[in-house]
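Line by line, the protein sequences are chains Z and H. 326 is the number of the first residue of the first sequence in this note's numbering; add one for each residue after it. 2 is the number of the first residue of the second sequence in this note's numbering; add one for each residue after it.
Where hints are given, some of them may not hold.
Unchecked claim - Within a straight-line C-alpha distance of at most 16 Å, the following computed EDC-like cross-link-like pairs (lysine to aspartate or glutamate) qualify:
#1 754/Z - 148/H
#2 754/Z - 83/H
#3 753/Z - 549/Z
#4 754/Z - 550/Z
#5 157/H - 83/H
Hints in this document: simulated from the structure, not taken from any laboratory.
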Amino acid sequence: MEELVNLFHGFAVALQPFNVMVMLVGIVLGVIIGVLPGLGGANGVAILLPLTFSMPPTSAIIMLSCIYWGALFGGAITSILFNIPGEPWSVATTFDGYPMAQKGKAGEALTAAFTSSFVGALFAVAMITLVAPLVASFALQFGPAEKFAVYFLAFCSFVGLSKEPPFKTIAAMMVGFALAAVGLDSITGQLRLTFGFTELLNGFDFLIAVIGLFGIGEILLTMEEGLAFRGGTAKINLRVVLQTWKELPAYWVTSLRSCVIGCWMGITPAGATPASFMSYGIAKRVAKNGSNFGKGEIEGVVAPETAAHAAGTSALLPMLSLGVPGSPTAAVLLGGLLIWGLQPGPMLFVEQKEFVWGLIASMYLGNIVGLLVVLTCVPIFAAILRVPFSIIAPLILVLCAIGAYSVHSSTFDVMLMLVFGVIGYLLKKCNYPLAPLVLAIVLGDKAEEAFRQSLLGSQGSLGIFFSNTLVSTIMILGLIALFWSVIQQGYTRLRGASA
Amino acid sequence: MTTGSSSNAGPAHKLVEAAIALLIALFGVIVIVGSLKAGINWGAEGPRAGFFPFYIGIFIVVSSAINLWNGLREDNDGLFAEWGQLRQVMSVIIPTAIYVGAMPFTGLYLASIIFIGWFMRWLGKYPWITVVAVALGMPVVTYFIFERWFLVPLPKGPVEEWLGL
Numbered sequence: 326m327e328e329l330v331n332l333f334h335g336f337a338v339a340l341q342p343f344n345v346m347v348m349l350v351g352i353v354l355g356v357i358i359g360v361l362p363g364l365g366g367a368n369g370v371a372i373l374l375p376l377t378f379s380m381p382p383t384s385a386i387i388m389l390s391c392i393y394w395g396a397l398f399g400g401a402i403t404s405i406l407f408n409i410p411g412e413p414w415s416v417a418t419t420f421d422g423y424p425m426a427q428k429g430k431a432g433e434a435l436t437a438a439f440t441s442s443f444v445g446a447l448f449a450v451a452m453i454t455l456v457a458p459l460v461a462s463f464a465l466q467f468g469p470a471e472k473f474a475v476y477f478l479a480f481c482s483f484v485g486l487s488k489e490p491p492f493k494t495i496a497a498m499m500v501g502f503a504l505a506a507v508g509l510d511s512i513t514g515q516l517r518l519t520f521g522f523t524e525l526l527n528g529f530d531f532l533i534a535v536i537g538l539f540g541i542g543e544i545l546l547t548m549e550e551g552l553a554f555r556g557g558t559a560k561i562n563l564r565v566v567l568q569t570w571k572e573l574p575a576y577w578v579t580s581l582r583s584c585v586i587g588c589w590m591g592i593t594p595a596g597a598t599p600a601s602f603m604s605y606g607i608a609k610r611v612a613k614n615g616s617n618f619g620k621g622e623i624e625g626v627v628a629p630e631t632a633a634h635a636a637g638t639s640a641l642l643p644m645l646s647l648g649v650p651g652s653p654t655a656a657v658l659l660g661g662l663l664i665w666g667l668q669p670g671p672m673l674f675v676e677q678k679e680f681v682w683g684l685i686a687s688m689y690l691g692n693i694v695g696l697l698v699v700l701t702c703v704p705i706f707a708a709i710l711r712v713p714f715s716i717i718a719p720l721i722l723v724l725c726a727i728g729a730y731s732v733h734s735s736t737f738d739v740m741l742m743l744v745f746g747v748i749g750y751l752l753k754k755c756n757y758p759l760a761p762l763v764l765a766i767v768l769g770d771k772a773e774e775a776f777r778q779s780l781l782g783s784q785g786s787l788g789i790f791f792s793n794t795l796v797s798t799i800m801i802l803g804l805i806a807l808f809w810s811v812i813q814q815g816y817t818r819l820r821g822a823s824a
Numbered sequence: 002m003t004t005g006s007s008s009n010a011g012p013a014h015k016l017v018e019a020a021i022a023l024l025i026a027l028f029g030v031i032v033i034v035g036s037l038k039a040g041i042n043w044g045a046e047g048p049r050a051g052f053f054p055f056y057i058g059i060f061i062v063v064s065s066a067i068n069l070w071n072g073l074r075e076d077n078d079g080l081f082a083e084w085g086q087l088r089q090v091m092s093v094i095i096p097t098a099i100y101v102g103a104m105p106f107t108g109l110y111l112a113s114i115i116f117i118g119w120f121m122r123w124l125g126k127y128p129w130i131t132v133v134a135v136a137l138g139m140p141v142v143t144y145f146i147f148e149r150w151f152l153v154p155l156p157k158g159p160v161e162e163w164l165g166l
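Isolated chain Z (complex conformation):
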């Protein structure tokens, strides 16, 4: 009951005129970011983060999270109309969305995509409303060993669930941890890994890494592919929308299943992209007309979009309640919390009620606003994509530079951004995942602190991570996640042998 009262207070906060305006601006910016190549949720939020330094934290988080929702919506537009996924999580949407557009059913596909996104997000927000306070109050009892176990679980899920080779995931992740370690050691106050460079005293800021790896790296990839945009026009009117809405309830099973997959994948930091693929794959296998998938089946749009948006939204649950972000964008938002002077994690629910519930309420409202904005403004957003890349690219590069500079007002950071960009391009080409690298930079210091404090308590014995039921359970879950692909292989082999 207390949650409901809190939520109502949250709505009162989110409905303040300034916050509603900020919400609208955030959604529109977010959709633009989602549509443009080279700007995604994570680096879009990272670039615009400095703009929020002068705002009250609640308005700031509302704006940034709305950019995130907008980007989630925006990815679908380019996938369906141009067969170019604006975001990795909308790749699966192209499979059936683009064929639908080619058949002249772009309006239906877009309506289905936006509505499914909305449903997925709403499901995830409802889940956050109910579950996050419980998780947070539970996590209040965590000691350093439990905290480290949660980080361990988060990073192991990356290795087990990502589609990249496991050792590449590990390598990328460890590079992230190493970058996080550079500079002042928070426990002993000693300098390390700086090799005498004063620029490295404060270590590597993950915002710079995000802007470089995702923003610049993406532009370089786009340049290499030599993009030329060709695609259908967006015609969407009320009649099409209403007609599609009449059709959609028939797919409620797919929708519900995708919501659950999305929430699960979003909470474990596997993220929206695998969630959308998994949901599409399962829908294809289960659906009656599964063989038609890929030829323009509306169910093939519903499944990945619902899951992607549910995952993207529920990624905020562990960020708010445990301080462990479920996706790179959630990681950037977490960085924002730290900059505004808030400590993410269970204490947030106790100390910053207005902030937390304002944010949660804004998720409900933001997604409603988002749905209305994208349904009414699709042609405008689609027109952005017709602006040639040779105009868009330098503008995005300049924006990235501004974003990188304004984090610490340092031109060294701008150079660092370019270096990260080239690294991001090379790593991406060689199939190294970037999300674990970024998350490791964000969480590295905290994970290390938890690890060292646990060892201090146990005089250096690793046994502390298996010293009680709670911590052992989390650690064992982590190990299962780590060896998930091996377990799966073994299972299929066993089944194959018995069949």
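Dock chain H against the given chain Z, drawing on the hints supplied.
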């Protein structure tokens, strides 16, 4: 923006992959050396500063060795990218590097105007009028949004000083 050359030549994917694995391993070695310098054993207040990164460094080296081995064993005769594609990529990296390097001296605005202008004129082949409009418009909009409305200072050079901004 298609590549001009029709030749399908370029660096082999295997080669680049191996080079990247080696570079990551080298990074791991640097991390290990740095950790050893900071001290990896236990001090008065518990594990010393190099303790955690030391093991991270070892993980980096070991996983890179496995990646190198897997990459070399793999049957992949594909190209990393064609030379023409790499030229496209370099045509972004080099001007951006100059842009970024010039920023501490010229400030952000002047550098951005020249950078956007160069990009549009040489890579996009736009008429001068469009080039000038976009190249001047973007920094002006940036100035108002960042410095005036959101009070985020951006790097300025001699020109801005002369204009009294």
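Given pair status - residue 83/H, residue 754/Z, alpha carbons within 16 Å
holds, 13 Å
For the pair supplied as a hint, residue 754/Z and residue 148/H, is the alpha-carbon distance within the 16 Å limit?
violated, 37 Å
Between residue 753/Z and residue 549/Z, is the straight-line Cα distance small enough, at 16 Å or below?
holds, 13 Å
Has the given pair, residue 754/Z with residue 550/Z, been kept, meaning a C-alpha gap of at most 16 Å?
Given pair residue 754/Z, residue 550/Z holds - Cα atoms ~12 Å apart, limit 16 Å.
Going straight from one Cα to the other, do residue 157/H and residue 83/H come out at no more than 16 Å?
violated, 39 Å
Hints 1, 5, counting from the list given before, are not met by this structure.
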